[in-house]
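Undergrad: Position chain B against the provided structure of chain A, taking the given hints into account.
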Amino acid sequence: MTQLAPQPSKSGLDRRLLHRARGASVFIGVCAGLGIVRTACVVAGAWLTASLIAGAFAGGRGLDSLAPQLMALAGVLAARALLASVQEAAAHRASAGVKSGLRRQALEQLMRLPSGKRHTGETAALLVRGIDALDDYFARYLPQLVLAVVVPVGVLVVMLVAYPPAALIVLVTLPLIPLFGVLIGLYTRTRAERQWESTSHLAHHFADLVAGLPTLKAFGRASKQVGAIEVTTGAYRRRSMSLLRVAFCSALVLELAASLSVAVVAVTVGVDLVSPHNSGGGMSGEAGLQTALLVLILAPEAYLPLRNAGAHYHASAEGLAAAERVFAILAETPEDAEDRQAAPAPGEPSNPNAAAITAARVMRTPLGRAPTIMFRRTVFAYPGRQPLPELSLTVPAGQTTVLTARSGAGKSTLMAALVGFRRPVSGSIAFDDTELDDLDLAAVRRSIAWLPQRPVLVDGTVAENVRLAVPDGASDPAVAKAIAAAHAPAATRTVAADGSGLSAGEAARVGLARFLLRVDLLDPPVLLLDEPTAHLDGDTEQAVLDSFAPYRDQRTVLIASHRAAVRAIADREVDW
Amino acid sequence: MGRPMAQLRNTIALRLGLGATLGALAQLSALALLAVSGYLISRAWEQPPILYLMVAITSVRLFGISRGVLRYLERLVSHDAAFRGLERLRIAVWRKLVRLAPAGVPVWRSGDLQARLIDDVDGVGDRWLRGALPLASAVIVSVCATALQATLLPAAGVILGACLLAAALVGPALATWSSRYAVRATASARGDLTEGVRACLHGREELVAAGTDAKALERVLEGDDRLRRAHARIAWTAGLGEAAGLLALAVAVTGALGAGIPAVAAGTLDGVLLAVIALVPLAAFEPVLALPAAAQQTAVAKACGRRLLEITQAEEPRPDPVEPMEFEPNPLGGPPFIEIKRLSVTWPGAETPALHGFDLTVQPGERVAVMGPSGSGKSTLAAALMGFLPYEGSLRFGGVELAEYDGDDIRRTVGLCSQDAHVFDTTLAENLRLARPGAADDDLARALRWAGLRDWLEALPEGLETRLGEHGRAVSGGERGRIALARCLLADREVLVLDEPDAHLDAATAERVLRTAAAALEGKTTIVITHRPLPEGVVDRVVHLRAPVPTPRRDAPDNRLLGVAPPG
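Just so you know, the protein sequences line up as chains A and B, in that order.
Start counting at 1 in the first sequence, then tack on 285, and there's your number in our numbering.
Start counting at 1 in the second sequence, then tack on 13, and there's your number in our numbering.
Chain A extracted, bound-state conformation:
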């Protein structure tokens, strides 16, 4: 029910959004320009209509003498229609540009941030669907907001010249609308925020139940949930309605101000026409009627953009909420092991000069050939969890070490630490007696080929996926060789990012081909493989291991695996 109960937007967001989003300011300029032309159309249309009525009724003129004015009116009204069309198109284009910019910024930032507790599916939905929802803001709300500033000013100026009392009425009532809007907004703010939380809570609750329905059914608990759903949603409706009764008041004020002031203008003008001597004259004859009608037609136009903006404001809430979350991502600072200056390891005394000292240290150059890797009393910990058991391990240079460990012991953590994605809370990691912290991380990463448990897949062909092995391009024969060695599917097969098109075993072998290509092209001295054969059957496993054999030569290889066939190729087997 996202749209029924819009999330209250945080103040200042709009400004940030317009500031950050490239192209937004140009768009506002375009909107303002179109708004000025539109105001001219509105005024001209009202003036022509008024003069036609006055001419026919008060002036007693026929269609012959009024025909040019009638044609002009048709032209003005048609121009106004076309203008709306141009505005809409401009808005959609601008919106698309802003969205793309925001998406790129957020993605680039996300690649720098630790994955941590972020839910990838949710984040992907935020970056695509969430940002797309900004259409309502850019293409609908924002243009109306600009019009709400431009049109009333133009209309007021004309009214002031034509008939000051009417302008005064509009001038007094118009500010009431935003004023009451703000007051009611403040009054309902905390409740609205709580309501928004309970909206997402309700949606999440239902989603959780649907996801767990097979489980509920297996335990015979599914039908019993009906009562629970009834109670939750019923309470939710009553709370929502009590909030909406107040929240809709701002719309009530808006409508009342708009229609009542039209009524007051009509009555004032009417009374003046009946007794022109009261107002100091000027309101009689054909000109008097024309002025009166002009003012009457213009009065509602002053309120119209504000009413539209109000209507679109709620629809834009979803996009704004998404924008808010995107900005939160953009505001985050990278603080994992990748940014060592920024984050001293917990447990170390936090020396204010530490950053300067680390930065001043000369980074050692890439790893020498086949280094020895040493973990000395290394302990990893995740927040809110028991630390993983302490590890002391030597991976000898130029040999293949297979690491077997019980489930959850942290084999993947250990490999991620070697490429600088996890920091131990105590103990150390060293390559050939040089602490990992003292080495240039980029160079370390260049000297390592790492095959994670679930290699990433992007949309494209198998070959394109294998090419993700190295930053620079790879020749076709090199790719073909890697694919053959890994027994991966044909280079031209297409792969989807969600893995559809390949079986789990085939996907694993695409990852392996990528790994082998990297080894071929960059000749890294260190190879890390995390469960490389988990999804393979016995025969394929053996074939893959056979083609992997020459790559192990003269390199420090660390493989995490339980499989007997993998353990068979080990120079050394370590149980953690």
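Every clue listed holds true.
No more than 20 Å apart at the CA atoms, straight line, and that leaves these computed lysine to aspartate or glutamate pairs for EDC-like:
1) A:Lys509 x B:Asp421
2) B:Lys109 x A:Glu515
3) B:Lys228 x A:Asp761
4) B:Lys315 x B:Asp132
5) B:Lys228 x A:Asp757
6) B:Lys109 x B:Asp422
7) B:Lys109 x B:Asp333
Because the hints were derived from the structure by calculation, they are not lab data.
TA: Positioned in the frame of chain A, the structure of chain B alone reads:
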């Protein structure tokens, strides 16, 4: 489904009808305000005694107030109706899903589809509020305005009616067409982009370590470019709908004056009413100009409704028998005697059976392992034993075909423990009590011990009250499987099917857990489904299963959450 849906429609329709009426009255107030104001000014110009104007002045003031108040009431009434409607729709959908789960709907295939289901329900609410109500008030206002105009001057009435009709047809049609085109043009680009972003985020560390993150990002952002180009193409069509309505308004206003001015000159129309004739179209068009937006909303919501209909009209994979047998497969108590002969099971929508010609007899209290490679139909067997799927051949409990029993009765005797069982976003205790409501904390702790989670439980600072699931503490694959096992042990079913109980566990942990579980299940019938050999002594005997010869279709319903995945 028919009756509850009809009831739902009736009361909600009444409330929505009231909302539509109030909305139309609010719009008519606006129209009356403008019309009477025009009359007032024209009449005032003739300078009659002011008493003659009092009725008009009072009406203008009344209409000035009534529009806002009526609109406020309309909003309250219609939102309340929508909330109530959605409440019942949710429950109706849930009731149906309960009967379909898990084999009948592919909705559990991915989290995305679940989210869509939630959105679809909300989308139907939007259809009422933003689609149907504006349409209803636009129709009422148009008819009234045309009637009024025709009474004053028939020619003007005809013009207004024609213009309103044209605007009401063309504008929404263009809007619907352009939004449909937009959906077609962007849906696949958007889906690809989502998956690409997800993959990039998921594989961030691999890509950064390999130095290929920028390269992968560019690939993904190609999807964004496609999306952007599609949006640019849509931009112009989106504006057309808007323009159509305003053009019709231009014709209506010009036409009214074009007809009115000669009529005044000819004396067939009182000059006082010329202003009314010119102003009525302005107010009459207001609701009609809102129709393109309403049509777009309806188009979106229709898709939501269609998808919900697919669910509510889906065939139940295994309807419960009309007159189920009383479930008493073992009158002496304890596990029933299970006899399976030439059992063939086909997933709904699949052409070939996933399990074919399977024979097995299980004595009460026996522990049997069913072993076979993936694709041999092991999990299909589990789903059939749970009464989730129809079958051919014979599957008897205590001599009675399973098809004769009510599904819920079957599941009171047969339990299924799958590795991918759902962990709900609530406390550990609540997650376990699902299996046995009212179980004491000691029972819960014991079940966790049996499942090999003693150390894990002791390490939890909040113990059984620890929140699990998406908004709580994340559990690993191995922990999730063992929580599911603990839940099944707590449920204390006479027959327990364990689907790959060692999937996410290392050999030592797996053996320990299997042995404790086996001890805890003493006297119950246990069927362990596995693709690897089990440790010595865990089961009494092993039955081998081979894959049926033809390869099943890929679009057979997949059910990862329950772990009853069809082969493929």
